[in-house]
Amino acid sequence: DIVMTQSPLSLPVTPGEPASISCRSSQSLLHSTGYNSLDWYLQKPGQSPQLLIYLASNRASGVPDRFSGSGSGTDFTLKISRVEAEDVGVYYCMQTLHTPQYTFGQGTKLQIK
Amino acid sequence: EVQLVQSGTEVRKPGESLKISCKASGYNFMSYWIGWVRQMPEKGLEWMGIIHPGDSDARYSPSFQGQVTISVDKSIAAAYLQWSSLRASDTAMYYCARLTGIVPGNSYSGLDVWGQGTTVTVSS
Numbered sequence: 285d286i287v288m289t290q291s292p293l294s295l296p297v298t299p300g301e302p303a304s305i306s307c308r309s310s311q312s313l314l315h316s317t318g319y320n321s322l323d324w325y326l327q328k329p330g331q332s333p334q335l336l337i338y339l340a341s342n343r344a345s346g347v348p349d350r351f352s353g354s355g356s357g358t359d360f361t362l363k364i365s366r367v368e369a370e371d372v373g374v375y376y377c378m379q380t381l382h383t384p385q386y387t388f389g390q391g392t393k394l395q396i397k
Numbered sequence: 040e041v042q043l044v045q046s047g048t049e050v051r052k053p054g055e056s057l058k059i060s061c062k063a064s065g066y067n068f069m070s071y072w073i074g075w076v077r078q079m080p081e082k083g084l085e086w087m088g089i090i091h092p093g094d095s096d097a098r099y100s101p102s103f104q105g106q107v108t109i110s111v112d113k114s115i116a117a118a119y120l121q122w123s124s125l126r127a128s129d130t131a132m133y134y135c136a137r138l139t140g141i142v143p144g145n146s147y148s149g150l151d152v153w154g155q156g157t158t159v160t161v162s163s
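Residue numbers (my numbering), protein chains in the order written: chain A, 285 to 397; chain B, 40 to 163.
Hints listed in this document are in silico derivations from the structure and should not be mistaken for laboratory results. One thing to keep in mind: the hints can contain errors.
Claimed, not checked - Cut-off 16 angstroms, straight-line C-alpha distance, at most; resulting in silico cross-link-like pairs (EDC-like, lysine to aspartate or glutamate):
#: 1; chain 1: A; residue 1: Lys-397; chain 2: A; residue 2: Asp-371
#: 2; chain 1: A; residue 1: Lys-328; chain 2: A; residue 2: Glu-368
#: 3; chain 1: B; residue 1: Lys-58; chain 2: B; residue 2: Asp-129
#: 4; chain 1: B; residue 1: Lys-62; chain 2: B; residue 2: Glu-40
#: 5; chain 1: A; residue 1: Lys-328; chain 2: B; residue 2: Glu-81
#: 6; chain 1: A; residue 1: Lys-393; chain 2: B; residue 2: Glu-81
Taking the hints into account, I'd like the entire structure generated from these sequences.
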């Protein structure tokens with residue numbers, strides 16, 4: 285299985301400040317189609333996960349533009365340009381390179397200072 | 040509105056069977072994969088497997104192969120996750136989610152719709 289490693293696991297952020305989460309995979313997620321098979325999800329407290337970013341850098345419908353994804357191969361980053369109170373929750377990266385052996389990262393808990 | 044509505048909370052004893060459901064509405068059920076995700080208490084997300092309603096092609100994560108069965112009923116646009124003999128370690132929240140494709144490309148846009156989750160508690 286491809287192992288996904290996120291850092292940090294806990295991220296206290298002051299509102300209005302930027303935040304960054306790293307996700308590294310144990311093997312390259314660059315598919316033969318030229319796309320990176322890496323998505324980002326946010327699970328707000330008491331809610332189902334929601335899609336933020338797909339294929340490493342594409343924002344899902346309705347996601348604020350303060351969220352952005354970047355990276356390729358084995359190193360990926362989710363950035364929030366200015367954290368808001370509603371952004372608290374656990375962020376997960378997920379690889380979908382080989383169906384059905386998808387895997388999630390451990391999760392990064394974003395908290396407001 | 041595109042929705043996945045899951046069945047309610049379940050409490051079972053070890054060794055019992057269970058089938059939980061995920062009912063789709065607001066889109067063409069036959070055109071999208073449905074995936075299942077486990078979240079054990081206070082833990083992260085784990086991928087279980089997917090199924091394509093069009094041909095009932097079900098594919099399982101190695102960790103869950105042989106432990107659960109994923110199926111669909113096209114006539115009512117529902118997907119199912121079932122156990123033949125539950126264990127205490129199956130206690131978790133289970134989510135279904137819609138997957139737009141399995142090949143990264145223009146038709147892929149992640150797990151874009153999620154159900155509200157079904158809590159399963161297995162205890163003697």
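ask   = Which of the listed hints are broken here?
value = none
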